[in-house]
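*Asks:* Top to bottom, those sequences are chains L and F.
Number 187 in the working numbering belongs to position 187 of the first sequence; there are no gaps in the numbering.
Number 386 in the working numbering belongs to position 386 of the second sequence; there are no gaps in the numbering.
Just so you know, not all the hints are guaranteed correct.
Using 30 Å as the maximum straight-line C-alpha spacing, the simulated DSSO-like pairs for lysine-lysine come out as follows [said to hold, decoys possible]:
#, chain 1, residue 1, chain 2, residue 2
1, F, Lys107, L, Lys159
2, L, Lys226, F, Lys137
3, L, Lys109, F, Lys337
4, L, Lys109, F, Lys372
5, F, Lys107, L, Lys259
6, F, Lys107, L, Lys134
7, F, Lys107, L, Lys226
8, F, Lys379, L, Lys241
9, L, Lys93, L, Lys157
10, F, Lys78, L, Lys134
11, L, Lys161, L, Lys259
12, L, Lys159, F, Lys39
13, L, Lys109, F, Lys388
14, F, Lys184, L, Lys235
15, L, Lys235, F, Lys337
16, L, Lys230, F, Lys137
17, L, Lys157, F, Lys107
18, F, Lys269, L, Lys235
19, L, Lys134, F, Lys39
20, L, Lys134, F, Lys271
21, F, Lys372, L, Lys93
22, L, Lys161, F, Lys372
23, L, Lys235, F, Lys271
24, L, Lys134, F, Lys257
25, F, Lys372, L, Lys134
26, L, Lys161, F, Lys107
27, F, Lys372, L, Lys39
28, F, Lys37, L, Lys159
29, L, Lys161, F, Lys37
Because the hints were derived from the structure by calculation, they are not lab data.
If you're wondering where the values come from, they're calculated on a predicted model, not measured in any experiment.
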Amino acid sequence: MEVMNDNNKVVFVCENEFVAIMTAIYDAWDWSIGKGHDKVHIELEGERNYQLFTEYIEVKPNEEKCRKVVRSIRNKISEEVFGEVFLASLSEKKDKADAIYHFLVVAFKIGSRVLDSLGNPCVMRVFELVRYVKHEAGYSREFLRFSKLSAGGLFAKIKPKNDIITLIAPHFADRLPEENWIIYDEGRKIAVVHPRGSEWFITNDKVFLDNIVFAEDELEYQELWKVFFKTIAIKERINYKLQRQVMPLRYRENVVEFK
Amino acid sequence: MQEVIMSTDMTIQRKLEILTDAAKYDVACTSSGVDRKGKRGMIGNAAACGICHSFAADGRCISLLKILFTNECIFDCKYCINRSSNDVPRASFTPDEVCRLTIEFYKRNYIEGLFLSSGILKSPSFTMELIYETIRKLREEYHFNGYIHVKAIPGADKDIIEKTGFLADRMSINLELPTAEGLKNLAPHKTRKTILTPMRQIQTGITANKNELMLYRHAPQFVPAGQSTQMIVGATPENDFQLISVAEALYNNYSLKRVFYSAFVAVNKDKMLLDTPNGPMLLREHRLYQADWLLRFYGFNASELLNEQRPNFNVLLDPKADWAVRHLEYFPVEVNKADYNTLLRVPGIGVRSARRIIAARRSMQLGFDELKRLGVVLKRAAYFITCKGKMMYPIRIEENSITNHLIYDDRKKLLDISGGNEFRQMSLFEDYNVNVPPTIEEKKSIVFGEM
Ligand code: SF4
Numbered sequence: 001m002e003v004m005n006d007n008n009k010v011v012f013v014c015e016n017e018f019v020a021i022m023t024a025i026y027d028a029w030d031w032s033i034g035k036g037h038d039k040v041h042i043e044l045e046g047e048r049n050y051q052l053f054t055e056y057i058e059v060k061p062n063e064e065k066c067r068k069v070v071r072s073i074r075n076k077i078s079e080e081v082f083g084e085v086f087l088a089s090l091s092e093k094k095d096k097a098d099a100i101y102h103f104l105v106v107a108f109k110i111g112s113r114v115l116d117s118l119g120n121p122c123v124m125r126v127f128e129l130v131r132y133v134k135h136e137a138g139y140s141r142e143f144l145r146f147s148k149l150s151a152g153g154l155f156a157k158i159k160p161k162n163d164i165i166t167l168i169a170p171h172f173a174d175r176l177p178e179e180n181w182i183i184y185d186e187g188r189k190i191a192v193v194h195p196r197g198s199e200w201f202i203t204n205d206k207v208f209l210d211n212i213v214f215a216e217d218e219l220e221y222q223e224l225w226k227v228f229f230k231t232i233a234i235k236e237r238i239n240y241k242l243q244r245q246v247m248p249l250r251y252r253e254n255v256v257e258f259k
Numbered sequence: 001m002q003e004v005i006m007s008t009d010m011t012i013q014r015k016l017e018i019l020t021d022a023a024k025y026d027v028a029c030t031s032s033g034v035d036r037k038g039k040r041g042m043i044g045n046a047a048a049c050g051i052c053h054s055f056a057a058d059g060r061c062i063s064l065l066k067i068l069f070t071n072e073c074i075f076d077c078k079y080c081i082n083r084s085s086n087d088v089p090r091a092s093f094t095p096d097e098v099c100r101l102t103i104e105f106y107k108r109n110y111i112e113g114l115f116l117s118s119g120i121l122k123s124p125s126f127t128m129e130l131i132y133e134t135i136r137k138l139r140e141e142y143h144f145n146g147y148i149h150v151k152a153i154p155g156a157d158k159d160i161i162e163k164t165g166f167l168a169d170r171m172s173i174n175l176e177l178p179t180a181e182g183l184k185n186l187a188p189h190k191t192r193k194t195i196l197t198p199m200r201q202i203q204t205g206i207t208a209n210k211n212e213l214m215l216y217r218h219a220p221q222f223v224p225a226g227q228s229t230q231m232i233v234g235a236t237p238e239n240d241f242q243l244i245s246v247a248e249a250l251y252n253n254y255s256l257k258r259v260f261y262s263a264f265v266a267v268n269k270d271k272m273l274l275d276t277p278n279g280p281m282l283l284r285e286h287r288l289y290q291a292d293w294l295l296r297f298y299g300f301n302a303s304e305l306l307n308e309q310r311p312n313f314n315v316l317l318d319p320k321a322d323w324a325v326r327h328l329e330y331f332p333v334e335v336n337k338a339d340y341n342t343l344l345r346v347p348g349i350g351v352r353s354a355r356r357i358i359a360a361r362r363s364m365q366l367g368f369d370e371l372k373r374l375g376v377v378l379k380r381a382a383y384f385i386t387c388k389g390k391m392m393y394p395i396r397i398e399e400n401s402i403t404n405h406l407i408y409d410d411r412k413k414l415l416d417i418s419g420g421n422e423f424r425q426m427s428l429f430e431d432y433n434v435n436v437p438p439t440i441e442e443k444k445s446i447v448f449g450e451m
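Chain L with its partners taken away, still in its complex shape:
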């Protein structure tokens, strides 16, 4: 029985959400003391494929445990490492919680030098997740399109794979401080709302969706933009393949000039 136990894997199962992931990391860490980290894994709810000799433990999200994990990453490792962890937690990838956990195992051992340990697969995986999240946030900053509403506010729909809405909100808050605007994530059904002249906030209240009436001149400006877009291309250089490489089809869904 002893031997069996030693070979057993333990999987902590948590919700796909920051506090839950941090809680799972806390619990997993706690469990592994004296037993090592190798046999511990974290999975996201709903991703489970049951394996033999594996014990599954449900994680209850706990603010206090989350705070503790965050605090120790910030104090004992570095802000920068926490930044990576946070960005990775926004990833759409199923293995993110486990990747973050094993990244932190290395990080707590060697400190912020972990950011240079590019040869280590766990570390590389987290970087990969982060890169993809940043990439998509970048694309959203570029290709998001607002429409003007009849009341004067601006409205945009996005459908990102990663949970990047909070990453792009500060960018638009800085650039359009005097506008009322809403960015709506269709997939997650959450929105960032920015009332003119004040702080933005995030909400899952969707009442505004029923009240979307576009401004009278909205279509006119969309048309003008399409004229510009069409005309600016040099006929002798037309290259749709290149265009597809730099602006992949999946990012064109809510983009005016491609409609």
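With chain L's structure known, arrange chain F with the ligand on it following the hints.
*Replies:* Quick look at chain F with the ligand alone, frame taken from chain L:
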């Protein structure tokens, strides 16, 4: 609001079409070079990295609303669609029209800002004054805090250029052609002097402003994103060596931020213009951009890349690989030992991967798997590096064979860039003696000591 949109009998839509069409040959569209936070009461900010908002059907980035103020022009530059001797529809915006388009497009996140250029109406100074008035309005009355790039008109009054510089982020004056002679032939109303004088003025202004900003942090900024220029490629017989030597001089002596290269599009027929039977020279343009990159970020000199005896790039090979195969005496380099500058010169290793290598090898000896993970393009680098003393696979270190392999690996990408046309014309396989990659037999024979 609506009535102002129609300021003349021509619709704003038609004007936008004409004045976009007339502006599209200017290749600069970047919104980079300056970080500026948003401000209460204003609209807009600026990101130093630049932001592309779309990509046109030709694959070029759209970052700014790139338009001419007017396409009327008293000059007669032979390469230009707007030249006075051409019979094309003409239009002019009003300053308010330009402002309104900029603001409405910006709010919708279509653009990062405005790139305003112009044909020459009445005189260079008169035109510059119109440009100034437009962006003054945009900044002061429309409270626009986003990116503005404007053209300085060659021959315009010094004072107008100066006050424009305090409102714009970037200014540019196109050099157009790398030699004074080329310019004389194709742009009879422009001279080297009328182009270089404002370029020098802006450079001096930027330096003076930097000093002032050190003393008074809140002094107004003068052209904070620096200045750029553009040269036309393929309209005149000048070679690549002349082009990149001029670019190098502009970077060193005029502190330019960017030099752009524009493959000539034959919009006019003229005996002074060279024929471009296969369309614009896109591959050549691409190689010039790569070489320009090597000048700016990789520590290369123009004279290392080309010389009088070999004045043009091999369009089939990127300039760095081209340099490397002609300098095999420097290779292979050991990635676990080579310093940063040496790593940078290896084909397949870029600025980012070189930095990562330096960081990663502090904690471990790197092998080829690690290099791959660090973003090194092994397909290219393999010919030029060793890991722990070993090459990735046995290769004959010999110029022709490596060249052929590199070209072979690259051919698909080249087709993508050129859209196929120019490239097919080159009948790659015959003219350039390109072979297929090494066969197993060949590899074996190398292993068995026939190297
Ligand atoms: S000055 Fe020359 S290049 Fe500029 S618009 Fe007039 S003709 Fe064209």
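*Asks:* Look at each hint and say if it fits the structure.
*Replies:* Now for the hints, and whether the structure bears them out:
no.	hint	in the structure
1	F:Lys107 <-> L:Lys159	holds, 20 Å
2	L:Lys226 <-> F:Lys137	holds, 25 Å
3	L:Lys109 <-> F:Lys337	holds, 27 Å
4	L:Lys109 <-> F:Lys372	holds, 26 Å
5	F:Lys107 <-> L:Lys259	holds, 19 Å
6	F:Lys107 <-> L:Lys134	holds, 23 Å
7	F:Lys107 <-> L:Lys226	holds, 16 Å
8	F:Lys379 <-> L:Lys241	holds, 23 Å
9	L:Lys93 <-> L:Lys157	holds, 22 Å
10	F:Lys78 <-> L:Lys134	violated, 46 Å
11	L:Lys161 <-> L:Lys259	holds, 21 Å
12	L:Lys159 <-> F:Lys39	holds, 29 Å
13	L:Lys109 <-> F:Lys388	holds, 27 Å
14	F:Lys184 <-> L:Lys235	holds, 28 Å
15	L:Lys235 <-> F:Lys337	violated, 49 Å
16	L:Lys230 <-> F:Lys137	holds, 28 Å
17	L:Lys157 <-> F:Lys107	holds, 15 Å
18	F:Lys269 <-> L:Lys235	holds, 17 Å
19	L:Lys134 <-> F:Lys39	holds, 25 Å
20	L:Lys134 <-> F:Lys271	violated, 51 Å
21	F:Lys372 <-> L:Lys93	holds, 22 Å
22	L:Lys161 <-> F:Lys372	holds, 26 Å
23	L:Lys235 <-> F:Lys271	holds, 23 Å
24	L:Lys134 <-> F:Lys257	holds, 27 Å
25	F:Lys372 <-> L:Lys134	holds, 21 Å
26	L:Lys161 <-> F:Lys107	holds, 25 Å
27	F:Lys372 <-> L:Lys39	holds, 28 Å
28	F:Lys37 <-> L:Lys159	holds, 27 Å
29	L:Lys161 <-> F:Lys37	holds, 28 Å
The structure does not agree with the numbered hints 10, 15 and 20 stated previously, though it agrees with the rest.
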